[in-house]
Structure formats: C-alpha cells, structure tokens
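Colleague: Given only the sequences and the hints, what does the whole structure look like? Please build it.
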Amino acid sequence: MLLPWEYGVRNLMRRPLRTTLTLSALATVVILVFVVVGFIRGLERSLAISGDEDVVLVYSVNSEENIENSSIAARTAALLSASLQGTWKRFGVTHLSPELYLGTRVRTGDDGGGLGLVRGVTRVAPLVRRDVRIVEGRWPQSGEVMVGKLASAKLGATDEALAIGQTVHFEGESWRVSGRFSAGGGAYESEIWCNLADFQTATQRQDLSLVALLLAPGAAASEVSLFCKQRTDLELRAISETAYYATLQQHYKPVRVLAWFVVVLVSAAGVFAGLNMMYGAVAGRIRELATLQAIGYRRRAILISLIQEGMLLAAAASLLAGAIALTTLNGVAVRFTMGAFTLRIDSVAILVGCGVGILLGVLGAMPPALKALRQSVAISLKAV
Amino acid sequence: MALVELHNVSKQFRKGDETITPLDEVSLQIEEGEFVSLMGPSGTGKSTLLNLVSGIDAPDAGSIVVDGTEVTALSRGQLADWRAANLGYIFQTHNLIPVLSAYENVELPTLLLKLSSAQRRERVELALDAVGLSDRAGHYPRQLSGGQEQRVGIARAIVAHPKVVVADEPTGSLDTETSEQIQALLKRLNRELNMTMLMVTHDSDVAAIASRQLLLDRGKFLDATAQTEAGRHAS
Chain A
1 MLLPWEYGVR
11 NLMRRPLRTT
21 LTLSALATVV
31 ILVFVVVGFI
41 RGLERSLAIS
51 GDEDVVLVYS
61 VNSEENIENS
71 SIAARTAALL
81 SASLQGTWKR
91 FGVTHLSPEL
101 YLGTRVRTGD
111 DGGGLGLVRG
121 VTRVAPLVRR
131 DVRIVEGRWP
141 QSGEVMVGKL
151 ASAKLGATDE
161 ALAIGQTVHF
171 EGESWRVSGR
181 FSAGGGAYES
191 EIWCNLADFQ
201 TATQRQDLSL
211 VALLLAPGAA
221 ASEVSLFCKQ
231 RTDLELRAIS
241 ETAYYATLQQ
251 HYKPVRVLAW
261 FVVVLVSAAG
271 VFAGLNMMYG
281 AVAGRIRELA
291 TLQAIGYRRR
301 AILISLIQEG
311 MLLAAAASLL
321 AGAIALTTLN
331 GVAVRFTMGA
341 FTLRIDSVAI
351 LVGCGVGILL
361 GVLGAMPPAL
371 KALRQSVAIS
381 LKAV
Chain B
1 MALVELHNVS
11 KQFRKGDETI
21 TPLDEVSLQI
31 EEGEFVSLMG
41 PSGTGKSTLL
51 NLVSGIDAPD
61 AGSIVVDGTE
71 VTALSRGQLA
81 DWRAANLGYI
91 FQTHNLIPVL
101 SAYENVELPT
111 LLLKLSSAQR
121 RERVELALDA
131 VGLSDRAGHY
141 PRQLSGGQEQ
151 RVGIARAIVA
161 HPKVVVADEP
171 TGSLDTETSE
181 QIQALLKRLN
191 RELNMTMLMV
201 THDSDVAAIA
211 SRQLLLDRGK
221 FLDATAQTEA
231 GRHAS
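If you read the protein sequences in the order shown, they are chains A and B.
Going by our numbering, the residue at position 71 of the first sequence is 71; the numbering climbs one at a time, nothing skipped.
Going by our numbering, the residue at position 191 of the second sequence is 191; the numbering climbs one at a time, nothing skipped.
Hints listed in this document are in silico derivations from the structure and should not be mistaken for laboratory results.
The reader is advised that the hints may include incorrect statements.
Here are the simulated lysine to aspartate or glutamate pairs, EDC-like style, with alpha carbons at most 20 Å apart [to be verified]:
(1) 382(A) with 57(B)
(2) 382(A) with 169(B)
(3) 114(B) with 125(B)
(4) 220(B) with 5(B)
Simulated DEER-style distance windows between Cβ atoms [as the list claims (entries may be wrong)]:
(5) 319(A) with 122(B): 28 to 34 Å
(6) 326(A) with 175(B): 56 to 62 Å
(7) 125(B) with 17(A): 32 to 38 Å
Idealized CB from N, CA, C, for every residue including glycine.
Modeller: Following this line, the structure appears as structure tokens:
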C-alpha cells in the first residue's frame, strides 16, 4: 500500500525556499536541454528540407562539396539546356537556373551586417526552387535584392535593417531591398538574392557557381551525371539536391554528436541539483521515515513516495521550462556557416526535455531515499 | 496460551571493541488484555525488548511469538504487514507526521488495512473520540500541545485494533499534569478495550498503572516470577 499522495505534495511545501531554489535549478537545466535539442532539431530540419529530389545541381568537379568555391563556365547553362532531354520545360521555358553563389561581407544601412550569402539568379530560379515564396514586396529589378526570412539572422542584423526600401552594400555596390521571401525553413531563407547579371558585374566575374535544373517527370539524375562524365572538358559534376544536403548533414554530424553530449552533461548537472534537494529533504526526516516503517509501511512504499516528491518537483520544473522554451526559444534564429536556422522546440524536443526533467527527479530522489531506508528502524527512531 | 511469548531471547551490540548484551536469554509471557510495564536503568535493554516484540529489530537468539505468529521468522516485508495488522506503537516523542493533520495521522495505519472509506472514517473518528480529540481532527501537529500530540499518537496506535500496543516512554517528554492524563488514558484503553499493552518507562509512578511490573537489569529480569505473580494478584 502506498502512502497518501498528499504526503509527498505537502512535503514539498515544508521547505519552501529550498524547494523553490531546486525548482529553479531544475527548470534551468531543462531549459538548457531544450536549447540544445532545439538547436539539433532546427539544424537537422533545415538541412533535411533543403533539397528537392527532382532538382539536380551541376557545379565544378574541383570544388568538392563546397558550391561557394565552384566556378563553371557561363555557357554551361546553355549547353545543358541544349544537351539534356530530361529537363522540365513549360510554356517554352526550360527550368534551368544559372546561379552565382558567394559568401561576401554585407553591410546594412545602419552600419551593421556581417558575412552574408548572396545568390545571383535569373527569373527562372523560383521555377526550379519550388519552395521559394515571395512573402512581401516583389522580385528584384536591376540594383535590387530580395532577402530571405533569416537573412537578418545570418548577418546578425535587425529585421528593420533589411526591411523593404532599405539599402544594403556588398561587392562595392549599393542594393535596395525590394522583397522578402521564405523557403519553407530551407537553407535559402538565410540568403540574399539579386539579379545574376548585376551580381556578375559587381563581382567582375563572368562565370557561374552552379546550374540547378528541375527534372521532368520520369527523368533521372543519372542522365545529367552521364553528360558531366562525357564532357570532361567542362569539369562538371552533378548531384541531386537532396543528396547534396544529405552530404552536408554528414558534415554536421560531429556538431550534432557534440550537442547530444552537451545534453548528457547538462542533465548530469541537473541530477546533482535533484540529489542535493532530496538529500536535504530526507536527512531531516530520518525519524519520520522510520516511524512510517514502524506503523507498517513497507520500504518500497516509502521509496515510491520519495520518488513521487522528486518527480513532482521535476515535472513542475519541466512544465515551467517547456512553457518558457515554447514562448521564448521556439523560432529563435541561429547563425551557422551555411546560413541560419531556427531553434525548433517540436514534439521530439518536448519529449526529450520533459523526459530528462522527470529522469532528474527520479535519479535525484533514489540515492538519498535508499540511504535513509537502509538504516535500522530502531536506530532511526532515535534520530534527532 | 499467552498472547506474547519470548523464549530465551538474546541480543548483543558491538560498540567499538566492546560487546554489549542488553538481553541475555530472556523469557517472558504476556497474557491477552494484560498491561505490563518494563522498568530498569538506562541501557539495560528495555527499548531493545520493545523493538524486538515490535519486529523492528531482530534477536540474535531465541524466538518471539505473538498471537501464534513467530515474529522472528518473518521477512522484512512480512514484518511490515504484520505490524500494520497486529501492532500499535506509541513513541516517546509522538513522531507525528508534521505535514498531515491529526485526522490524517490517525488514518495512516488504516490505509494499510482492507477497509472501505466509510469504515476507515468510522475507526478514525472513534479513535480520536477515545482520546478526546474529536474537535482537533483538522489541526496539524504544530497546532497541538505536547499532550494533544501524544493523544493523537495513541489514537494512531489503537486505530487499527492491534493485538498488542507497545509504548516507549509515552510520558517521557510531558509535564506532570499531562503525564497523569496520558497515564489515565492508557489505563482506560487497557481496561475498556481489553488492549494488551507493553510499556517501557523509567518512572515508577507511571509503571504502577500497569497490572504487572517488570524490572530489567543487565540483560535479565530481576525476580521476574515473583513480579509476575505479584502483578497477577494486583490485577
């Protein structure tokens, strides 16, 4: 038979200051867990959804996986258009997007800014990048740019600095912001898009970084690969966009592993907070616990009651941390080398955060409870 | 057959290099409804004997049988169940649970019994009524006087209708007037409810309320037979 639930609940209120401090410590730990898991989930999601399986990227074979380092001839787009049968064509428009993609220093009008990702594109780009939606303003004309939803986060600038009508400066030119776009949470959202020809002029480059093409239904990426292998003079390679981002995911695997390690370390620190509280709570109740045994309560029942106390406090801390995480952390933009992504407090993050919280309660309560219950009842009854 | 039987019970403790023998082949029989007090100098094993009868400590040798159950043969879990059904324990320092009200403290042992909530309520109310604290049921221990706390402790000890009630210096922490009230209460409960009681005390006046008084010294009862006879004549 278990002890009444009220016993555990009221015991928490016995030392209000200690309970409040422990609640705060546990909530802090769980919030940290939410931050790290939200980081991992946000990064994974950003890379996972950045990629369309029907899109093939063609870029320089010498640039490894880094498209920023790629340089291919400007005529590549025309060659691909003329040579490949499997590219999607609609209303006479071949869905093939020549792009110049650079990491460059971008300065905002308020003298803020940082390293940004700029993509020079043509009007075909949104036909190939199908997740891209203009959410505000319009497509950029000459001397204008369109900024992604997370471009300000990537630059470390305010949203106001990249508002429509504002001016940004890069590659020695000034560019007026004409619109904002989203990309369903994908990597493009941290980019700045401008007219390809303007960007080539500004950077004094005639080449391209890549050509992205949308495959027609039934067409295979292998056709593009075969073309690249046959035309060795062009030094091209082809890879499906999903495979490209999957490769990047592998590059970020050590970061994810490290982040999970941080979750474990932070949780371990939380266990000590729980232990400290429960040792204090149990140490002052040695005689009381012995009395319960003398009355006829089994040690298991008392142990469960003490664990209930720890779990109740940890659950309250988890709830508090969850509420804070959902209201203040969810959606917060984080910069990383490839752009920016948002912390994602999704169901998995909630599950991990609250799971860790409850675990802290159980692990924190068990050692002091077991220690107290191992002592002789006869001796414990005389404890002060 | 006696309700409580101790046969050649011995208990030893190690204290550094020294071996202390508070009980040395002690035998004792307590009849049902009997009120036995146990006296003796400090450290002579009075509380040890009480703990052995209660099953919260185990003897090194000998056996203890209560109402036909050999307590010394039970496992720790079985002992807990046995205590819940057969034993009431009155502590010197009351040992009430501070976060529970008087009613909830008295109710604790009944939660271990197979009773309906109505039966439980009836028993708790009767126990509180028996100790004269019905009007303090909702009070927490910190809101009660020492004497009232001890009364709640006594109500908690009798609420499960135990076969035996053991009391370890039940008046030890009370003033004279309150002590006399508690003595009268214990005597009344023994008489009216025919409750078997074993009480440890160092106060001869308190011991005198029992129907039989035993004196324990250096691990042995002093002239236990004579005292037993004297106790029986007195009762």
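Colleague: Hint by hint, note whether the structure agrees.
Modeller: Results for each hint:
{"no.": "1", "hint": "382(A) with 57(B)", "verdict": "13 Å, holds"}
{"no.": "2", "hint": "382(A) with 169(B)", "verdict": "12 Å, holds"}
{"no.": "3", "hint": "114(B) with 125(B)", "verdict": "17 Å, holds"}
{"no.": "4", "hint": "220(B) with 5(B)", "verdict": "16 Å, holds"}
{"no.": "5", "hint": "319(A) with 122(B): 28 to 34 Å", "verdict": "40 Å, violated"}
{"no.": "6", "hint": "326(A) with 175(B): 56 to 62 Å", "verdict": "59 Å, holds"}
{"no.": "7", "hint": "125(B) with 17(A): 32 to 38 Å", "verdict": "37 Å, holds"}
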